[in-house]
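So the chains spell out like this:
Protein chains: 2
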Amino acid sequence: MSEHTVKSYDQELEALNRMIAEMGGLAEKMLSDSIDALENLDVELAHRVVSTDTRLDLLQGKIEESAVLTIARRQPMAIDLRECIAAVRISGDIERVGDLAKNLARRTTVLAAEGLKLQRAIPGLRAMQDMAASQLKDVLDAYAERDPERAKLVWSEDTKLDALEDSVFRDLLTSMMEDPRNISPCTHLLFCSKNLERIGDHTTNIAETVVYLVTGQTMPLDRPKGSRWPSVPGDS
Amino acid sequence: MSEHTVKSYDQELEALNRMIAEMGGLAEKMLSDSIDALENLDVELAHRVVSTDTRLDLLQGKIEESAVLTIARRQPMAIDLRECIAAVRISGDIERVGDLAKNLARRTTVLAAEGLKLQRAIPGLRAMQDMAASQLKDVLDAYAERDPERAKLVWSEDTKLDALEDSVFRDLLTSMMEDPRNISPCTHLLFCSKNLERIGDHTTNIAETVVYLVTGQTMPLDRPKGSRWPSVPGDS
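Keeping their order, the protein sequence lines are chains C and F.
Numbers given in the working numbering equal positions in the first sequence, counted from 1, plus 110.
Numbers given in the working numbering equal positions in the second sequence, counted from 1, plus 110.
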């Protein structure tokens, strides 16, 4: 390739990286806002989370389009090809994280409309959100630094989020059994906690993609499983 | 392109189509088996569903690899490029359908282990599974025939599955309020019905991909929404 071609190719990859960084920032913000909205039944904040998701969808579409055009135009091989594939995969996972945060926000609007509040469940969900957000940030840093070791560390820690979800699940079940008036809000919160756990699955996907990007290796099919309470089979 | 190149290119696309057809058949079977397993608490059948998922994952990996290599080697444009992109997207959606069927099967093993049976909820879930399976079959036929009109029809019918989920949700909520002993099985069945609804979302994705493949057009961002019971915000 001529120097000019190489330069413009680098620019294309840089543009992909910039868009992914923007998506990551937006998803992190949506995630933390969605839990704030849930805790305070703040419908206005929930609406802002929902509307941010459009930007995430648009960015994902642009990344896919650019990556495919780069592959078709430049026929990259090995690491450069993996850069393009990784960009498509990671943007897909961040977009799904945004969808899950949006869903949390939508449940807030429903709970608020029905005047349902179950403050007791908030600390558990908040702990899940903290962990999910910190793992997401870590894995996006691992991507930015092309650091497979850091990615593997995040990958192996997904079990912690699973364990937290087990405990939230048990707690919600107890609340429902104690008082039938808790049943309706608790069903929504069950889905909230499941959504937070699924965010962890996407973080794990991103970790696998970072390892593949840098090393060309595919991670083992079996993911680490924590000591899960038998009533909560791993959702996927 | 020489005649030889064209021929071998066609063969590559045909191979992609064959693998997607195989994935579709497997996912349809997993879906119907998972509901049979749930109805009869048939743990052995549930295990078969779980183990079939490995094959689905392998096929998806092969499709992604082949499609990307085809793009890189042959630099296809317009319809041929869309063929490759569509193959990657559709295989991703079928793989997710398999994951959701696997999750249904896993819940069966948990319900069986705890001796929980709630026969009353089965007809609603069975109706959801019938509809999800029939829509999945329709959209895969639309893909095989490259028929965007048929795909749009499936796309517009996703609201029916949403409406069914609303009714199952309400029914499960009532069961829980009637008798606290129903709470534990019902929480599992809530997730089962949510999983079936999410299969409908993947069918809708596939419909959008078929339209994009044939026409080059992207469907509107807003999906049709049925008259949803306000307590069940669209999961995504």
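The hints are simulated quantities; they were obtained by calculation from the structure and are not laboratory data.
It is possible that part of the hints are untrue.
Said to hold, decoys possible - Residues from chain F that face chain C, not an exhaustive set, calculated with beta carbons under 8 Å: (1) Met129; (2) Leu151; (3) Leu155; (4) His157; (5) Ser176; (6) Ala182; (7) Pro186; (8) Ile189; (9) Ile195; (10) Leu263; (11) Leu283; (12) Met286; (13) Pro290; (14) Leu300; (15) Lys304; (16) Tyr322.
Said to hold, decoys possible - Computed cross-link-like contacts, BS3-like style, restricted to lysine-lysine with a CA-CA straight-line distance of at most 27 Å: (17) Lys139/F - Lys262/F; (18) Lys270/C - Lys304/F; (19) Lys227/C - Lys227/F; (20) Lys304/F - Lys247/F; (21) Lys304/F - Lys227/F; (22) Lys304/C - Lys270/F; (23) Lys262/C - Lys139/C; (24) Lys172/C - Lys227/C; (25) Lys247/F - Lys172/C; (26) Lys304/C - Lys227/F; (27) Lys304/C - Lys304/F.
Ideal Cβ positions, reconstructed from N, Cα and C, are used throughout, including at glycine.
Against the structure, the hints come out as follows:
A cut of 8 Å between beta carbons decides the hint on methionine 129/F: the least distance to chain C is about 18 Å, and the hint is violated. Annotation: interface hint on leucine 151/F violated; nearest CB of chain C at approximately 14 Å, more than 8 Å. Look at leucine 155/F: its Cβ only gets to about 16 Å from chain C, farther than 8 Å, so that hint breaks. Interface hint at histidine 157/F: violated, since its Cβ lies 12 Å from the closest Cβ of chain C, which is beyond the 8 Å cut-off.
About 13 Å separates the beta-carbon of serine 176/F from the nearest beta-carbon of chain C, more than 8 Å, and the hint is not met. For alanine 182/F, the shortest C-beta to C-beta distance to chain C is roughly 5 Å, which falls under 8 Å, so the interface hint holds. Residue-level restraint check for proline 186/F holds (minimum Cβ-Cβ distance to chain C is 7 Å; threshold 8 Å). Taken as an interface hint, isoleucine 189/F does not check out: its beta carbon lies about 13 Å from the nearest beta carbon of chain C, beyond 8 Å.
At its closest, the beta carbon of isoleucine 195/F sits 6 Å from a beta carbon of chain C; the interface hint therefore holds under the 8 Å criterion. Residue-level restraint check for leucine 263/F is violated (minimum Cβ-Cβ distance to chain C is 24 Å; threshold 8 Å). Using the Cβ-Cβ criterion of 8 Å, the hint placing leucine 283/F at the interface with chain C is satisfied: the shortest such distance is roughly 7 Å. Hint on methionine 286/F holds. Least Cβ distance to chain C is approximately 5 Å, under the 8 Å limit.
A hinted interface residue such as proline 290/F counts as satisfied when its beta carbon comes closer than 8 Å to some beta carbon of chain C; here the least separation is about 5 Å, so the hint holds. Interface restraint check: leucine 300/F against chain C, minimum CB-CB distance 6 Å, threshold 8 Å, status holds. Nearest Cβ of chain C to the Cβ of lysine 304/F: about 7 Å, under the 8 Å cut. The hint holds. Because the beta carbon of tyrosine 322/F sits about 11 Å from the nearest beta carbon in chain C, more than 8 Å, this interface hint is broken.
Distance hint between lysine 139/F and lysine 262/F is fulfilled; the C-alpha atoms sit about 24 Å from each other, no more than 27 Å. Distance restraint check for lysine 270/C and lysine 304/F: the Cα-Cα separation of roughly 24 Å lies within the 27 Å cut-off, and the hinted pair is therefore satisfied. The hinted pair formed by lysine 227/C and lysine 227/F fails the criterion: a straight-line CA distance of about 30 Å is larger than 27 Å. This hinted pair checks out: lysine 304/F and lysine 247/F have alpha carbons roughly 20 Å apart, not beyond 27 Å.
Using a Cα cut-off of 27 Å, the hinted pair lysine 304/F and lysine 227/F holds, with the two alpha carbons roughly 18 Å apart. The suggested pairing of lysine 304/C with lysine 270/F holds, with an alpha-carbon distance near 24 Å, which does not exceed 27 Å. The suggested pairing of lysine 262/C with lysine 139/C holds, with an alpha-carbon distance near 24 Å, which does not exceed 27 Å. The hinted pair formed by lysine 172/C and lysine 227/C fails the criterion: a straight-line CA distance of about 39 Å is larger than 27 Å.
Straight-line distance between C-alpha atoms of lysine 247/F and lysine 172/C comes to about 30 Å, which puts the hinted pair past the 27 Å bound. Proximity of lysine 304/C to lysine 227/F is assessed by CA-CA distance (about 23 Å); at most 27 Å being required, the pair is judged to hold. Pair hint lysine 304/C plus lysine 304/F holds up; C-alpha atoms about 11 Å apart against a cutoff of 27 Å.
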